[in-house]
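> Below, each chain spelled out in residue letters.
There are 2 protein chains.
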Amino acid sequence: MNKINRVAIVGGTHGNEFTGAYLIKKFEQIPALIQRPSFETLTLLGNPLAFAAGKRYIDKDLNRCFFIENLLDCTLSSYEDIRAKAIYQILGQTSNSQVDLIIDLHSTTANMGLSIILGSHHPLLLQLAAYLSSINPEVKVCYTQPEKGSNFLRSLCELGLVIEVGPVAQGVLNAEWFQKTEELIYSVLNYLQRYNQGSIPQTNNTLTYYQYVGAIDYPRNEHGEIQAMIHPQLQFQDYEPLNPGEPIFLTLDGKAIAYEGTSTVYPVFINEAAYYEKGIAMCLTEKQLYSLQNL
Amino acid sequence: MNKINRVAIVGGTHGNEFTGAYLIKKFEQIPALIQRPSFETLTLLGNPLAFAAGKRYIDKDLNRCFFIENLLDCTLSSYEDIRAKAIYQILGQTSNSQVDLIIDLHSTTANMGLSIILGSHHPLLLQLAAYLSSINPEVKVCYTQPEKGSNFLRSLCELGLVIEVGPVAQGVLNAEWFQKTEELIYSVLNYLQRYNQGSIPQTNNTLTYYQYVGAIDYPRNEHGEIQAMIHPQLQFQDYEPLNPGEPIFLTLDGKAIAYEGTSTVYPVFINEAAYYEKGIAMCLTEKQLYSLQNL
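Protein chains in written order, with full-length UniProt numbering: chain A, 1 to 295; chain B, 1 to 295.
Be a bit skeptical, because a hint or two may be false.
Since the list gives no way to pick one copy over another, a pair counts as held whenever it fits inside one copy or between any two copies.
[As the list claims (entries may be wrong)] In silico DSS-like cross-links for lysine-lysine, where the CA-CA straight-line distance does not exceed 25 Å:
(1) K85 - K25
(2) K85 - K55
(3) K3 - K180
(4) K3 - K287
(5) K287 - K60
(6) K180 - K278
No lab work stands behind these hints: they were computed from the structure.
Computed from a predicted model, the values in this text were never measured in an experiment.
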């Protein structure tokens with residue numbers, strides 16, 4: 001990887017995730033906060049109409065609109081499809097302002113703490129993630145890239161990452177997460193500055209990360225109606241081990257439903273509000289160690 | 001007050017407050033849970049279209065549509081205005097099925113715990129509230145009735161009360177709050193059964209309740225945009241004393257803003273997601289003691 005010349009910070013890709021949207025507003029008011037000597041930092045409010053309406057999206061989920069074939073498909077004309085194409089023009093590889101790294105800011109109703117979701121296994125991203133989790137034990141690292149290409153905004157460049165914080169309710173600005181996200185952004189920018197200077201900080205030799213292996217939906221009846229809730233013992237237990245036979249759901253009439261997998265997994269995005277409509281009660285991950293000496 | 005003949009339990013008055021909506025679904029599947037020998041219990045899903053869409057409302061807030069003049073105004077034809085008129089026909093004083101008591105189920109992103117909001121100072125409601133808070137110290141009692149009539153659903157009958165639980169994100173079904181709300185409903189129904197039998201349980205002689213005295217909006221700029229967040233020291237501190245000079249907001253650029261009132265208040269609904277659009281960052285209450293011997 002050559003020098004980082006341009007970084008984009010995107011917030012409000014989902015209009016009701018206020019942490020990122022208001023950080024963008026702050027950075028636009030005080031640009032010096034995100035300027036670094038060796039690269040340019042752009043800011044972008046992902047979905048301005050949805051943010052103004054306090055909704056996740058207007059027509060469809062913007063953060064599922066970035067498959068390259070969809071970006072090039074002139075027949076797709078929902079608000080978010082058009083917005084995705086505009087963002088592609090601003091940040092994408094064919095634009096004059098092509099960025100080298102994207103930080104996309106999100107929040108979740110799940111207890112994800114201060115999570116970083118990597119868009120690729122690029123060595124720089126892995127080293128950055130190892131550094132961030134070494135200076136702040138609260139930082140967790142996920143890799144949730146689906147196998148067959150990505151429709152996420154962060155996929156617009158190889159160095160794409162999401163900062164995902166929570167639990168925080170949709171439509172709420174929480175000062176604690178605002179401040180923690182802000183600090184994490186500065187750590188990323190400072191790391192990139194030192195990378196450009198050829199003096200990246202020493203870090204651990206191993207990175208612990210959580211690899212996406214699948215998702216589980218809520219139990220539903222034949223009409224698609226939810227028949228069970230996340231079990232109280234699992235609620236807010238993101239990143240904790242879940243063993244076969246342990247309860248994951250509680251039916252409305254009070255019966256526990258056990259996890260039927262064959263090995264220990266680490267659920268994330270447990271009870272994320274926006275995933276009810278996607279048929280996801282939680283995502284399952286495996287905990288992995290990655291040796292940075294391989295890089 | 002004569003005998004209680006008919007009770008209505010309403011959930012999903014706000015479509016993204018899932019606790020109440022799914023309790024209604026449970027009670028409709030297992031009606032025996034809410035039947036008591038001496039009175040009839042009805043259930044009602046307040047806003048079915050908004051619940052199906054996972055939104056608070058379709059056109060406007062249903063729980064602000066119950067001013068009597070609006071219910072009688074034929075020109076009001078939004079989805080929620082029409083729905084309010086239908087609910088008035090089902091539960092109101094002119095209907096054949098007129099109910100004596102309404103329990104309206106809500107949830108909030110604020111740390112309201114297990115709150116009961118009374119629709120009037122009727123002696124039966126006060127005694128019921130005193131009983132519920134005596135058997136469960138987690139129960140808090142509010143009285144937030146505005147002075148000039150009420151536009152809330154609970155105002156359809158003199159014995160109207162809200163069960164308001166949280167913090168829980170919009171669009172999330174949380175098993176813990178589901179179970180706590182369910183238990184509280186059974187306590188209400190059991191109390192009413194004993195009331196009808198002339199054997200209401202002994203309780204404390206005094207009721208602690210929180211009387212609404214006003215609301216505070218977020219600091220905003222000339223475009224109405226929020227310039228500050230709830231201060232981290234105040235977040236989730238519902239029902240705790242707030243003294244003059246203590247911080248209530250934190251500006252986006254990090255400056256604390258102090259409470260400028262002249263006496264101690266007890267904020268509630270701190271950082272409720274649905275109140276951003278109403279211009280309410282928190283409601284203020286005064287803590288009061290009410291002697292039940294006056295009744």
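> Would you pick out the hints that fail for this structure and give their numbers low to high?
3, 4, 5, 6
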